[in-house]
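*Asks:* Residue numbers (our numbering), protein chains in the order written: chain L, 1 to 412; chain V, 413 to 583.
The set of hints was computed from the structure by calculation and includes no laboratory data. Treat the hints loosely; a few may be bogus.
Stated by the list, open to error - Just some of the chain L residues that point at chain V, by a computed CB distance under 10 Å: (1) Leu8; (2) Gln9; (3) Arg11; (4) Pro21; (5) Leu22; (6) Pro23; (7) Arg30; (8) His31; (9) Arg35; (10) Arg37; (11) Pro233; (12) Ile331; (13) Glu408.
Even for Gly, the Cβ is constructed at its ideal location relative to N, Cα and C.
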Amino acid sequence: MTDSNELLQQRLHDLADELGPLPVPHEEIRHRTRRLRGRRRAGGLAALAAAVAVVTIGVALVARPTPMPVTAADGPFLGWPVTGNATGTSLLAEAVQVWDSTLASGPHTDIHALLVERDPVLLGPVVVLEGRDAQGEPRLAILTGTADDRDALRLRADRPAPDPVTTRVVSMVSGRLGTATGIEPLDSRPAAWLFALGAPGVTGFGYHSTAVDQELVEGGGPDLGRRLLVSLPPGATPINTTVIARHNGTVVFRGPADGGAIGDAVAVPATVLARSPDHVRIQGSPRALIAGLLVATPDGLLGRITAASGEEADVELVTAASFSIDALTDITYRPLRVAGAGGSARLDRIPADANVVATNRIVTVDPAQHSDRLGTLTVGRVGTTGHDLVPATATSDLSRVYVMVEYEAASR
Amino acid sequence: MDRDSELDFRDFVLVAYQRLTRTAYLLCGDRYEAEDLVQTALARAALAWHRLDAAPDAYVRKILVNVFRSSRSRRWRQEIPVQAVPDRGLADAASMMDDRDVLRRALAELPPRQRAAVVLRFYEDLSEQQAAAVLGCSVGTVKSLTSRGLQRLRRDLPAEKTHAQPAEVDR
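Next up, chain L with everything else stripped away, as it sits in the complex:
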């Protein structure tokens, strides 16, 4: 081989090594295999399936599915027994020490663990605790390692303890678990992580995010137990990620993830009071209703608050003639601009080489995230002309929206 060929080889290896170590997604591959096998069988077995379906329906009418066991609450806490592969190790004591020392709310009392685990692939240690803070309020904490240092245990979430009677799943979605500081280096490939812990009896999870075009594990993933930890693209956030928990094939929970990690933008809910072609009027916490903040739905960006007074605010829609916002092409992060056109929206300043085509996703940076790449909001999709934008969020039947607030402001 010539020197020049060896040099090309070396450069290709350098480029390929940009990826760094990747988690091996055994679960995703298994799911795809099952789905593919199902599709291949589907054609030949269609007639048989129809016959089986008739029988199954008949059986289902007389047979009852095994109900999910109910775990009694432990006072204000979830009465779930501890689970995980690292129970009985020093990890629990380490987690308590980190929880007590990280925030001013410690030291904590009445502490008990729900999960003590060492994840072999993604984040290393993952611990979920409940306990009372210094004021006696019941709290729930989630601690994890980081993708770049799987020995460093960090407090990721510290929330009021969830309802001990109705809660089936505790979950978190965040892009800040990649590093100890929660800030991703500019040269990294950003990602978000979804963590979920199910109540005793949960046998498997599905998940889905509107921030992702590819099909995720919707509801038919394999039953792998009460714990879920997967990496998602960086646009995944608690409001656009749906968690599905199953008990022996029966869905026992379906809903958005509980929240993000410390430092993530907080989605403060608000109710839609009225709507016009260019605006909606919303009602919510006065602390979240501040002019300039973005308002979103699980599908993406709705608009921006232009005026607020007390518990009510006006939100200018993406399609309003006076609306405009800096935006990016999804994944490739090419800058452009979205402008309202009075009932529709258009794309401006499209880079000549951006290769923007119909159905491409267009996103915008959420200022409340303090990151240009994590938790971006989908503004819409490129329309058929290549210069028009189909907004991500429709306003018809819209009743609940979220104001995106900085973590620090929401915590005050």
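Starting from the structure of chain L, add chain V where the hints point.
*Replies:* Relative to chain L, chain V alone:
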């Protein structure tokens, strides 16, 4: 798949996943798409695992390249070859200085079969016969694809970055 086969397949995935994803990344230029391509290829391989011989790498690699080529045959992703790598604007000025970025862009300008031939020959280090088996074509076609691919790379990369000569591909 019985339990032994499942464990065999799992071991194969553990060993091969990083390399396959890197190959896919060179083919498509995007991390998430690369992972998607590899997962699709591995899912297809899993279905045929029981009838594969002791060296499944070639089979999986062939599926991967086919999945990649299929993805590029869809109209919405069809590439439009251009005469030169276009300017990327001020926002990317810093990354333009990065050798890897220059190479990534140059690769992206190659038609899928040329790109696959270059990656198989110079990243996977396959012989022309092996690359022909993966691409499902003759050895002569591999020579032609590689030669044209290298010519285009030489044209799109700055002069001092051009390394391989089309005449030198016979290894």
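*Asks:* Please go over all the hints and tell whether each is borne out by the structure.
*Replies:* Structure-based check of all given hints:
For L/Leu8, the suggested interface contact is upheld, since its CB lies about 4 Å from the closest CB of chain V, less than 10 Å. Restraint check, L/Gln9 versus chain V: the minimum CB separation of about 5 Å is within 10 Å; hint holds. Checking L/Arg11 against chain V by beta carbon gives a least distance of about 5 Å; that is within 10 Å, so the hint holds. Annotation: interface hint on L/Pro21 holds; nearest CB of chain V at approximately 7 Å, less than 10 Å.
The beta carbon of L/Leu22 comes within 6 Å of a beta carbon in chain V, closer than 10 Å, and the hint placing it at the interface holds. A distance limit of 10 Å between C-beta atoms decides the matter here; for L/Pro23 the minimum to chain V is near 9 Å, and the interface restraint holds. The interface hint given for L/Arg30 is met, as the beta carbon of that residue sits about 8 Å from the closest beta carbon of chain V, less than 10 Å. Interface restraint check: L/His31 against chain V, minimum CB-CB distance 8 Å, threshold 10 Å, status holds.
Taking 10 Å as the C-beta contact cut-off toward chain V, the hint placing L/Arg35 at the interface holds, the least distance being around 8 Å. A cut of 10 Å between beta carbons decides the hint on L/Arg37: the least distance to chain V is about 6 Å, and the hint holds. Look at L/Pro233: its Cβ gets to within about 6 Å of chain V, closer than 10 Å, so that hint holds up. For the restraint placing L/Ile331 at the interface with chain V, the shortest Cβ-Cβ distance is roughly 6 Å, inside the 10 Å limit, so the hint holds.
Checking L/Glu408 against chain V by beta carbon gives a least distance of about 29 Å; that is not within 10 Å, so the hint is violated.
Comparing the model with each earlier hint shows a violation of hint 13 alone; every other hint is respected.
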